[in-house]
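Asker: Sequence:
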Amino acid sequence: AKQPTRQHTHTQKGGKKTLGTQIMAHLITLSSTIGGLFPRHSPCYSRNAISAKTAGETKLPAGLREEMMPRHVAAIGDGNRRWARQKGLAPVEGYQAGFITMKNLAAMCTQWAVPVVSMFLFSSDNWRRPQLEVDFLFDAFEEALVDELDTFMRLGQKLSIIGDTSTLPISLQKLIRDAEEATRNNSKCQLLLAMSYSGQNDITQACQSIAAKVKDGLLKLEDITKPLIEQELQTNVTNIPCPDLLIRTSGESRISNYYLWQSAYTELYFPNVLWPDFGTEELIKALRSFQQRERRFGQN
1 AKQPTRQHTH TQKGGKKTLG TQIMAHLITL SSTIGGLFPR HSPCYSRNAI
51 SAKTAGETKL PAGLREEMMP RHVAAIGDGN RRWARQKGLA PVEGYQAGFI
101 TMKNLAAMCT QWAVPVVSMF LFSSDNWRRP QLEVDFLFDA FEEALVDELD
151 TFMRLGQKLS IIGDTSTLPI SLQKLIRDAE EATRNNSKCQ LLLAMSYSGQ
201 NDITQACQSI AAKVKDGLLK LEDITKPLIE QELQTNVTNI PCPDLLIRTS
251 GESRISNYYL WQSAYTELYF PNVLWPDFGT EELIKALRSF QQRERRFGQN
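Residue numbers (this note's numbering): 1 to 300.
Rather than coming from a laboratory, the hints here were simulated on the basis of the structure.
Heads up, some of the hints might be wrong.
[Stated by the list, open to error] Listed next, the in silico SDA-like pairs over lysine to any residue satisfying Cα-Cα at most 25 angstroms (straight line):
{"id": "1", "residue 1": "174", "residue 2": "220"}
{"id": "2", "residue 1": "226", "residue 2": "183"}
{"id": "3", "residue 1": "87", "residue 2": "115"}
{"id": "4", "residue 1": "87", "residue 2": "71"}
{"id": "5", "residue 1": "103", "residue 2": "152"}
{"id": "6", "residue 1": "220", "residue 2": "232"}
{"id": "7", "residue 1": "158", "residue 2": "284"}
{"id": "8", "residue 1": "174", "residue 2": "128"}
{"id": "9", "residue 1": "285", "residue 2": "60"}
{"id": "10", "residue 1": "158", "residue 2": "130"}
{"id": "11", "residue 1": "188", "residue 2": "160"}
{"id": "12", "residue 1": "103", "residue 2": "226"}
{"id": "13", "residue 1": "158", "residue 2": "296"}
{"id": "14", "residue 1": "59", "residue 2": "111"}
{"id": "15", "residue 1": "158", "residue 2": "183"}
{"id": "16", "residue 1": "103", "residue 2": "177"}
{"id": "17", "residue 1": "103", "residue 2": "220"}
{"id": "18", "residue 1": "158", "residue 2": "129"}
{"id": "19", "residue 1": "174", "residue 2": "244"}
{"id": "20", "residue 1": "103", "residue 2": "181"}
{"id": "21", "residue 1": "174", "residue 2": "119"}
{"id": "22", "residue 1": "226", "residue 2": "264"}
{"id": "23", "residue 1": "174", "residue 2": "125"}
{"id": "24", "residue 1": "285", "residue 2": "240"}
{"id": "25", "residue 1": "213", "residue 2": "198"}
{"id": "26", "residue 1": "213", "residue 2": "236"}
{"id": "27", "residue 1": "226", "residue 2": "198"}
{"id": "28", "residue 1": "87", "residue 2": "60"}
{"id": "29", "residue 1": "188", "residue 2": "208"}
{"id": "30", "residue 1": "174", "residue 2": "155"}
{"id": "31", "residue 1": "188", "residue 2": "128"}
{"id": "32", "residue 1": "188", "residue 2": "213"}
{"id": "33", "residue 1": "213", "residue 2": "133"}
{"id": "34", "residue 1": "59", "residue 2": "221"}
{"id": "35", "residue 1": "188", "residue 2": "272"}
{"id": "36", "residue 1": "213", "residue 2": "183"}
{"id": "37", "residue 1": "103", "residue 2": "93"}
{"id": "38", "residue 1": "59", "residue 2": "198"}
Starting from the given sequences, assemble the full structure and let the hints guide the process.
Answerer: Here you go:
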């Protein structure tokens with residue numbers, strides 16, 4: 001498959017380059033000359049990050065049972081800016097550390113045979129954040145889609161992006177299409193990334209799609225069932241659309257307009273740890289907590 005190549009032509013929603021974009025382009029170019037966007041010697045590299053050695057293991061850690069592993073782990077990586085503030089760093093450095101955690105979490109779940117991993121990268125509400133931060137995130141997304149493609153291929157990760165991608169910068173939209181095409185035959189783990197995503201909007205668009213089909217005579221009222229609605233949700237790109245375990249870091253106990261329909265029977269885990277510090281041991285704790293729970297799915 002053709003591999004995406006990145007040319008730094010970031011545009012905001014199809015418009016011209018912003019000043020923030022040009023600044024972040026310069027910073028990213030500078031960082032690449034000293035070891036990449038996420039250098040290990042950087043203060044942004046969390047001491048709790050999952051190591052490359054650990055990520056290469058296939059044996060489950062002690063206390064985890066293979067038959068009880070979740071099929072779909074979802075994550076809301078909260079606390080990047082607070083982590084940076086506590087360390088006297090710029091917010092973008094917190095995002096750098098957060099990207100490392102995201103990459104390592106996906107690698108660990110893949111090695112431990114979790115078939116679907118999804119992460120809430122950028123919500124539809126995040127557009128209200130400072131433009132410099134938004135520009136940095138999109139630049140980082142673009143760089144990651146290119147630089148991490150070899151990792152996606154090596155680990156057998158199939159990449160899918162959900163959300164209103166039409167609102168994303170044109171250059172990022174192209175890289176998304178290229179990366180999805182390059183990884184479409186990978187089958188070890190499906191990596192589902194939510195960008196410009198809203199759980200409410202997802203349900204709304206599903207209802208609109210079904211209503212249009214009823215109007216056109218393609219569906220009858222009695223055809224509308226729970227499985228049909230799930231097929232119309234954006235998570236229909238995977239055959240395991242509903243997460244078994246949802247992790248939200250930083251101690252905040254909410255799901256922030258993420259998987260609203262899909263989380264009906266999801267086990268929620270809210271560690272009091274900021275996202276850049278969510279490493280191997282924290283992931284093991286989350287999985288142990290999941291395996292200790294009795295899932296009734298509404299039954300006694």
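Asker: Against the structure shown, which of the earlier numbered hints fail to hold, in ascending order?
Answerer: Checked against the structure, the hints that fail are numbers 1, 2, 3, 4, 10, 12, 13, 17, 18, 19, 28, 29, 31, 32, 33, 34, 35, 36 and 38, while the rest are satisfied.
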